[in-house]
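For reference, the chains in residue letters:
Number of protein chains: 2
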Amino acid sequence: MTTKTITVVRDLLATNKQAAAAIRAELRSRGILGVNLLSSPGSGKTTLLEALADRFRGRYRLAVIEGDIETERDAERIRAKGVAAWQITTGGACHLEARMIGKVLGDVPAEIDFLFIENVGNLVCPASYDLGEDVRLVLLSGPEGDDKPAKYPQAFLSADALVLTKSDLLPYLPFDPRKAAAEAQAIKGTLKVFKISALCGDGMDELAAYLVDALERLRSGRA
Amino acid sequence: MTTKTITVVRDLLATNKQAAAAIRAELRSRGILGVNLLSSPGSGKTTLLEALADRFRGRYRLAVIEGDIETERDAERIRAKGVAAWQITTGGACHLEARMIGKVLGDVPAEIDFLFIENVGNLVCPASYDLGEDVRLVLLSGPEGDDKPAKYPQAFLSADALVLTKSDLLPYLPFDPRKAAAEAQAIKGTLKVFKISALCGDGMDELAAYLVDALERLRSGRA
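From first to last, the protein sequence lines are chains W and R.
Quick note: the first sequence, position 138, residue 125 per our numbering, numbers continuous.
Quick note: the second sequence, position 220, residue 207 per our numbering, numbers continuous.
Worth flagging that the hints you see were computed from the coordinates, not collected in a lab.
Please note that the accuracy of each hint is not assured.
Repeated chains share a single entry, so a pair holds when one copy, or any two copies, can fit it.
[What the hints assert, rightly or not] Calculated cross-link-like contacts (lysine-lysine; reagent style DSS-like; alpha-carbon spacing at most 27 Å): (1) Lys68 with Lys166; (2) Lys68 with Lys138; (3) Lys(-9) with Lys179; (4) Lys90 with Lys166; (5) Lys4 with Lys175; (6) Lys182 with Lys68.
Isolated chain W, as found in the complex (with noise of 0.2 Å):
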């Protein structure tokens, strides 16, 4: 990258901090936890969210901002379930930035307990980006390989928690949970590791406790 570039990329990424804190704090000051989801197209953000918003119907009030480059289609399949969606389309970028969530805060109601937050699918660009979040989950799926931690670590590195998606299809692929688990913890050791299937509902107790209990933990001050 030459000098201009790097200055460029820095003022962003500066700029993205200040506005990320913003609503960080405003989500903190209303008590409602914000979640990252990042992983590559297909690994199944929008299956779990809508595994999520079945789950804690009745229970639990969640909102969901929706990031895709192009298509209404996934905040369409999250208002089929009953929850709020907005959709950002990027028009070619290939992540969500704070400002972007910023313009939409305003809208999402008060009273609710999650706001989800589902990027652009891509396993690079996205990690870069803080957007206000207390809790990022980056999503793996099986048929994409237990070599990925490694080959594209910054995902991993900034995320929470590892979620192990498609837990399904692990009769047919060559694919070790294990394996790829203990890539990504030797990346980052504290990452909490979740195996599911959000189709057949895998893990997801564990997974929808986790997140509950990061809610109550910013609720009493613990965050």
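Given the coordinates of chain W, work out where chain R should sit on it, guided by the hints.
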């Protein structure tokens, strides 16, 4: 994006285009077909190259440039097939650029037929960077979902052919290859489509024939 950011990005792309044109001219003068492979992480780019190495052995000579953010893993897999491979680790950058290829090009043997370039696993950013290739393949695996072309249009618009991978997993997936192909061809009508399993061999004859035909057209000046 700020005006400053837009200017820097435009300058980067213009510089890249010049470098790519020089690479394309050199590859054509040597009679080598450059092939750039784009996809999400884990769509099967390296596995496809391993299968092509086996299939072309003794008939066509190949070399591979591997792009990854970190690790030498993919180049090691290719070398294990007896094929010359160079690993470019971008150290964080989300795509390969032509100047990175240019640095390696002097080391690539003159007598090869195909130079495959495996881009960083990312369905977004690599689409904007011409690497001097004559054929661009975009891979989409069944587990990623048949709704991806419209969500990541640039990758499909910029490609010459769509390779639907991991067809051996189709019995276990809610994936309709015809839907994926139709959606991609709605973005680019001239896009060729291949459905393959690099592991089982399904569709590999057709894809190999397409590549050999492109090589022959390049050498006869019909590229």
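Quiz item: In ascending order, which of the hints set out earlier in this document are inconsistent with the structure?
Solution: 3 and 4
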